[in-house]
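Taken in order, these protein sequences are the chains called C and A. Sequential numbering of the first sequence, starting at 761, is according to this note's numbering. Sequential numbering of the second sequence, starting at 761, is according to this note's numbering.
Hints were generated in silico from the structure; no laboratory data involved. Possibly wrong hints are sitting among the right ones.
Identical chains share a label here; the pair holds if one copy fits it or two copies do between them.
[To be verified] Below, in silico cross-link-like pairs of lysine to aspartate or glutamate (EDC-like), each with a Cα-Cα straight-line distance of 16 angstroms or less: (1) 851 <-> 838; (2) 977 <-> 841; (3) 964 <-> 857; (4) 929 <-> 887; (5) 929 <-> 968.
There are 2 protein chains.
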Amino acid sequence: MELYEAMSTLRAVRRLRSDLIPDEVLERVLQAAAWAPSGGNVQPFRILAVKSAEKLNIIQKWYREEWDRYIKPQRQQESAENNDTAASANKIIKAGDYLANHLAEVPVLLVFCFNPGRMAITDAELDRPSVVGGGSVYTAVQNVMLACRQEGLGCVLTTLLCYQEQAIKQLLEIPEAWGTCAHIPIGYPVLRGHGPISRRPVAKLVFENSWGQPMGKL
Amino acid sequence: MELYEAMSTLRAVRRLRSDLIPDEVLERVLQAAAWAPSGGNVQPFRILAVKSAEKLNIIQKWYREEWDRYIKPQRQQESAENNDTAASANKIIKAGDYLANHLAEVPVLLVFCFNPGRMAITDAELDRPSVVGGGSVYTAVQNVMLACRQEGLGCVLTTLLCYQEQAIKQLLEIPEAWGTCAHIPIGYPVLRGHGPISRRPVAKLVFENSWGQPMGKL
Chain C
761 MELYEAMSTL
771 RAVRRLRSDL
781 IPDEVLERVL
791 QAAAWAPSGG
801 NVQPFRILAV
811 KSAEKLNIIQ
821 KWYREEWDRY
831 IKPQRQQESA
841 ENNDTAASAN
851 KIIKAGDYLA
861 NHLAEVPVLL
871 VFCFNPGRMA
881 ITDAELDRPS
891 VVGGGSVYTA
901 VQNVMLACRQ
911 EGLGCVLTTL
921 LCYQEQAIKQ
931 LLEIPEAWGT
941 CAHIPIGYPV
951 LRGHGPISRR
961 PVAKLVFENS
971 WGQPMGKL
Chain A
761 MELYEAMSTL
771 RAVRRLRSDL
781 IPDEVLERVL
791 QAAAWAPSGG
801 NVQPFRILAV
811 KSAEKLNIIQ
821 KWYREEWDRY
831 IKPQRQQESA
841 ENNDTAASAN
851 KIIKAGDYLA
861 NHLAEVPVLL
871 VFCFNPGRMA
881 ITDAELDRPS
891 VVGGGSVYTA
901 VQNVMLACRQ
911 EGLGCVLTTL
921 LCYQEQAIKQ
931 LLEIPEAWGT
941 CAHIPIGYPV
951 LRGHGPISRR
961 PVAKLVFENS
971 WGQPMGKL
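Next up, chain C with everything else stripped away, as it sits in the complex (with noise of 0.2 angstroms):
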């Protein structure tokens, strides 16, 4: 697939089957993780494939517990909504449901980990939150991601599980050293997966020289 093709059409897949994934297609699908840069090329990450039915079941317990918590005030004020912009966050929100209740049957759960004592995280001292370690790692899961979407494979990126990674760790038998940032969930779609997708036009996201002043061309 072209480049621009895959980025151009790389949706949220929150409805997943739960056919199996031939190991030579989700061999492709980490291989791309590995080709992603990182500071020094350190690749400070790992990954996971969990695959258990018995571990499976036990995160989307998890997950359904974060995912409830977290949706629970737009849940609420979109029920008493009734327009388009509350229709849109409806399907948003019915989407993320059938994740939650479905993510134990996906035929690989990909958990990303990753040792900070293998960045140079130069934002650490900064008053404000530290993101630069996510450049050694989340380059790889956008491969990733850009590899599903080639391979016809749905997914989505979601970082809701950190709020337990003490229980993940110990369930996937994580070092204390490393952490978790993504946990990516892989199948095949159940509807049609990726497709056109919505996004800011490029000229409200770029500036010229200073903040605020549009690029010539844009």
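Given chain C's structure and the hints, the job is docking chain A onto it.
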């Protein structure tokens, strides 16, 4: 360009020519960022395309200071040794020196900004460095770099300028609520540019069901 070809040949290119980038090429690179997924589809990032020679000169001064400070221990260590590893490390140091001495000459420096107030940072309260905010911006960074690969443009993800964030924010008039997390010089390569990359075998990066357990077919 085919997706896997782009991913598997995306190198950190630090020697960049000053030749201008045609507007339509730069637009495609920026559009790739806009396509990236982000938490809640909020797109909590903005990109400053710095082309002003005056501003690039100031930024180069800061970058060089940080680079010299960062690389000093390695420089001393490598010069004391004389083997293949040291030779390889010296090559990277030399390319980094080139960038530090020529940053002001690149046609465009992309400064990625992000607003943590628009992110759900699920690992903010954990007893380890937070990275999850990066999940809504380094996906776009990776798209930009893959687009550069497709367009024949060299690029490299740098984060050293985070050490000078307050100064950068003042120079580029970035509002208080926003931080910076990637500074990507782009331009046509001086040498061969992209090509073969060196990465760990995927089998060393992936486990199945439990940490340390190899995945069957890898």
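So, going through the hints one by one against the coordinates:
| no. | hint | in the structure |
| --- | --- | --- |
| 1 | 851 <-> 838 | within (10 angstroms within a copy, 57 angstroms between copies) |
| 2 | 977 <-> 841 | neither (40 angstroms within a copy, 51 angstroms between copies) |
| 3 | 964 <-> 857 | neither (31 angstroms within a copy, 35 angstroms between copies) |
| 4 | 929 <-> 887 | between (29 angstroms within a copy, 14 angstroms between copies) |
| 5 | 929 <-> 968 | between (44 angstroms within a copy, 14 angstroms between copies) |
Of the hints listed earlier, those the structure fails to meet are numbers 2 and 3, in rising order.
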